[in-house]
Amino acid sequence: MNKIDKKVKAVLIIEDEMDMRFYLMIMVRSLGLEPILTRDGVQGLLALSSRLPDLIILDVMMPEKGGALVYQELKTQPLYRDIPLIIFSGVDFHSFVHYIKMLNLDRGIKIPSPKYYVEKSADPDYLKEVIKKCIPL
Amino acid sequence: MENNNKIYTILLVDDEEGIRNVLDITLTHAGFKVLLASDGDAGFAAFKTQKPDIVITDIKMPGIGGIELLKQIKQVSPDTEVIMITGHGDMDLAVKSLQYEAADFITKPIDSTELELAVRKAVDRMSINHRIKAYTDDLEGLIREKDKKIDESQSLATIGQTVAGMSHVIKNIAGGLKGSSFILEQGIQNENREYLVKGWEMMKGNIDKITNLSLDLLNYAKTSRLQLKRINPNYPARELTTFLNSRAVEKNIKFVLSPLDEKLSVMVDCDAIYNAIFNLVTNAFDAFDIDGENKGGRADKEVMICVEKEPGWIVYRVSDNGNGMDKNISQSLFKEFITTKGAYGTGFGLMTTKKIIDEHNGLIVFKTKKGEGSVFTIKIPLQLPRGKKG
Chain A
0 MNKIDKKVKA VLIIEDEMDM RFYLMIMVRS LGLEPILTRD GVQGLLALSS RLPDLIILDV
60 MMPEKGGALV YQELKTQPLY RDIPLIIFSG VDFHSFVHYI KMLNLDRGIK IPSPKYYVEK
120 SADPDYLKEV IKKCIPL
Chain B
0 MENNNKIYTI LLVDDEEGIR NVLDITLTHA GFKVLLASDG DAGFAAFKTQ KPDIVITDIK
60 MPGIGGIELL KQIKQVSPDT EVIMITGHGD MDLAVKSLQY EAADFITKPI DSTELELAVR
120 KAVDRMSINH RIKAYTDDLE GLIREKDKKI DESQSLATIG QTVAGMSHVI KNIAGGLKGS
180 SFILEQGIQN ENREYLVKGW EMMKGNIDKI TNLSLDLLNY AKTSRLQLKR INPNYPAREL
240 TTFLNSRAVE KNIKFVLSPL DEKLSVMVDC DAIYNAIFNL VTNAFDAFDI DGENKGGRAD
300 KEVMICVEKE PGWIVYRVSD NGNGMDKNIS QSLFKEFITT KGAYGTGFGL MTTKKIIDEH
360 NGLIVFKTKK GEGSVFTIKI PLQLPRGKKG
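Chains as they are written, first to last, in numbering that gives the first Met the number 0: chain A, 0 to 136; chain B, 0 to 389.
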């Protein structure tokens with residue numbers, strides 16, 4: 000029923016918690032963007048293969064494939080590497096960066112720390128600003 | 000051997016006055032304070048009142064002999080050095096006296112050099128023993144102090160972890176409240192009923208969560224002093240089953256109690272055990288949820304509490320045929336605030352359960368398989384060790 004309007008910019012949301020997914024959906028809609036909702040890393044990556052979004056919002060603590068692994072995969076693939084990305088997580092920034100470093104060591108690759116990191120307890124206005132920064136409206 | 004110029008006191012017990020006089024002169028000359036006794040009974044009386052460092056006693060005396068005196072002295076004061084004086088033909092007695100831990104023996108006629116040598120050896124041994132004891136005491140004191148420090152730092156580390164975990168839980172609630180207020184705002188702005196309903200639900204969920212957190216914290220703090228009572232082990236399980244039955248019906252879960260079929264009582268804190276099982280059962284109920292939501296779904300959902308007896312233990316087993324846990328989650332269980340319930344759990348329940356079981360000197364183990372369910376087993380010893388009182 001939703002006509003896909005290629006001009007409307009799309010945001011891929013990868014978040015396992017239903018409440019938070021709903022919150023992000025409304026946040027994204029309130030900015031006139033189109034949300035694509037997925038509930039874990041596997042679904043998120045699958046969605047990417049059918050449409051490249053203008054922004055990805057990625058949770059960290061998820062069952063099946065967690066956010067850190069998805070982040071690593073995105074940053075090592077040329078097709079996805081440059082899509083703007085916001086990590087949206089209950090984990091604090093330093094723990095996440097540490098985890099990424101460990102993952103790098105594990106796999107002998109080098110990926111950067113995320114440019115945009117928003118903790119779940121952040122003000123909605125702040126998240127809104129960060130989204131606007133990633134997608135010039 | 001002059002240990003801080005201490006003057007050692009020697010009690011000399013001999014029935015022959017001549018020998019007493021000679022030895023008195025020799026030993027006094029050598030720098031000792033000498034006490035004299037003419038038989039075993041007088042010797043033991045003097046020993047008790049004067050507490051000499053060394054005793055020199057003849058073996059053969061009227062009344063209680065030297066060996067008997069040696070035994071009596073060693074019984075009340077094992078550290079006292081006792082030197083025996085033996086006649087020529089008393090080799091057997093001399094050997095026997097060594098078995099009763101005499102320090103040495105010298106034979107009559109007494110050679111003053113031999114006597115002094117024996118006494119000096121005894122003095123050396125005493126001062127060495129004394130020093131060893133002092134070192135040991137020091138060491139024990141040091142170890143006790145270090146132990147205390149380690150205990151303190153461990154409990155500080157635990158507090159640190161607990162506070163960090165709590166901060167994480169509270170931060171998540173704050174995030175949820177902010178998210179729900181944003182949804183409500185959008186709902187009001189756009190007059191969107193779906194947003195309003197959803198935002199309101201999410202806000203209520205977070206209010207519930209913070210209420211639960213405060214209750215959990217209270218329970219966690221409360222269980223530190225056990226109120227032990229002798230109860231039938233079925234009792235807390237029965238209470239719980241009655242209380243939670245309606246919730247099971249609501250969730251469409253078959254909820255079964257299999258009580259212990261034997262008259263038996265166990266010393267436990269009934270409320271604490273109730274709480275411990277309560278946490279396991281409510282977790283089991285939630286084990287069928289998807290996304291923190293009860294989706295109805297399957298028709299064969301079952302949660303069971305079994306009360307059983309094993310030699311020395313009462314066993315409570317809570318099993319479900321729900322979602323089970325993957326390895327990551329099960330490895331961190333009990334240690335941290337682990338919640339699989341998204342916005343609905345605090346991760347505090349299992350920590351509280353573990354604490355209660357630890358305080359009963361019990362065991363808690365679990366088996367889980369993703370997609371097949373989990374079994375949590377609590378074992379409480381039938382005999383609580385001494386020192387654990389309510």
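Calculated directly from the structure, the hints in this document are not laboratory data. Watch out, some of these pointers could steer you wrong.
[As the list claims (entries may be wrong)] Taking beta-carbon pairs under 8 Å as the criterion, some of the chain B residues facing chain A (in silico): (1) 167; (2) 173; (3) 175; (4) 178; (5) 194; (6) 197; (7) 204; (8) 228; (9) 305.
[What the hints assert, rightly or not] Per label pair, the in silico range of CB-to-CB distance: (10) 111(A) with 312(B): 34 to 42 Å; (11) 214(B) with 91(A): 20 to 28 Å; (12) 199(B) with 124(A): 54 to 62 Å; (13) 60(A) with 199(B): 19 to 27 Å; (14) 253(B) with 28(A): 39 to 47 Å; (15) 115(A) with 371(B): 52 to 60 Å; (16) 114(A) with 147(B): 29 to 37 Å; (17) 241(B) with 28(A): 46 to 54 Å.
[To be verified] Below are the EDC-like pairs computed for lysine to aspartate or glutamate, each with C-alpha atoms no more than 16 Å apart in a straight line: (18) 369(B) with 122(A); (19) 127(A) with 33(A); (20) 8(A) with 63(A); (21) 369(B) with 307(B); (22) 170(B) with 118(A); (23) 177(B) with 122(A); (24) 177(B) with 33(A); (25) 228(B) with 270(B).
Here a beta-carbon is modelled for each residue, glycine too, at the ideal position from N, C-alpha and C.
Taking the hints in turn, this is what the structure says about them:
1. Of the supplied interface hints, the one on residue 167(B) holds, with its beta-carbon coming within about 7 Å of a beta-carbon of chain A, less than 8 Å.
2. Against a cut-off of 8 Å between C-beta atoms, the interface hint on residue 173(B) holds, since the closest Cβ of chain A lies about 4 Å away.
3. For residue 175(B), the interface hint holds, the least distance from its beta-carbon to any beta-carbon of chain A being 6 Å, beneath 8 Å.
4. Here the hint on residue 178(B) is kept, as its CB sits about 4 Å from the closest CB of chain A, short of 8 Å.
5. Hint on residue 194(B) holds. Least Cβ distance to chain A is approximately 6 Å, under the 8 Å limit.
6. Hint status for residue 197(B): holds, given a least beta-carbon distance of 6 Å to chain A, under 8 Å.
7. Interface hint status for residue 204(B): upheld, as the beta-carbon distance to the closest one in chain A is roughly 7 Å, under 8 Å.
8. Taking 8 Å as the C-beta contact cut-off toward chain A, the hint placing residue 228(B) at the interface is violated, the least distance being around 41 Å.
9. The interface hint given for residue 305(B) is broken, as the beta carbon of that residue sits about 29 Å from the closest beta carbon of chain A, more than 8 Å.
10. Residue 111(A) and residue 312(B) have their C-beta atoms about 55 Å apart, which leaves the hinted 34 to 42 Å range violated.
11. For the pair residue 214(B) and residue 91(A), the supplied restraint of 20 to 28 Å holds, since their beta-carbon distance comes to about 26 Å.
12. Distance hint check for residue 199(B) and residue 124(A): the Cβ-Cβ separation is about 21 Å, which falls outside the suggested range of 54 to 62 Å.
13. Look at residue 60(A) against residue 199(B): about 26 Å separates their beta carbons, and that is inside 19 to 27 Å.
14. Evaluation of the 39 to 47 Å hint for residue 253(B) and residue 28(A) yields a pass: the beta carbon distance comes to about 42 Å.
15. Between residue 115(A) and residue 371(B) the CB atoms are about 40 Å apart, so this pair departs from the stated range of 52 to 60 Å.
16. Hint check: residue 114(A) to residue 147(B), Cβ distance near 49 Å, so the stated range 29 to 37 Å is violated.
17. Remark: the range hint 46 to 54 Å for residue 241(B) to residue 28(A) is upheld by a beta-carbon distance near 47 Å.
18. Restraint check: the Cα-Cα separation between residue 369(B) and residue 122(A) comes to about 36 Å, which exceeds 16 Å; the hinted pair is violated.
19. Of the supplied pair hints, the one linking residue 127(A) and residue 33(A) holds, its CA atoms being roughly 14 Å apart against a limit of 16 Å.
20. For a cut-off of 16 Å, the pair hint linking residue 8(A) to residue 63(A) is broken: about 28 Å separates their Cα positions.
21. Only pairs whose Cα atoms come within 16 Å are accepted, and residue 369(B) paired with residue 307(B) is rejected, the gap being roughly 26 Å.
22. Under the criterion of a C-alpha separation no larger than 16 Å, the hint pairing residue 170(B) with residue 118(A) is consistent with the structure, at around 9 Å.
23. For the hint pairing residue 177(B) with residue 122(A), the CA-to-CA distance comes to about 7 Å; that is within 16 Å, so the pair holds.
24. Annotation: proposed proximity of residue 177(B) to residue 33(A) is violated, straight-line Cα distance about 22 Å (limit 16 Å).
25. Between residue 228(B) and residue 270(B) the CA atoms are separated by roughly 10 Å; this keeps the pair inside 16 Å, and the hint holds.
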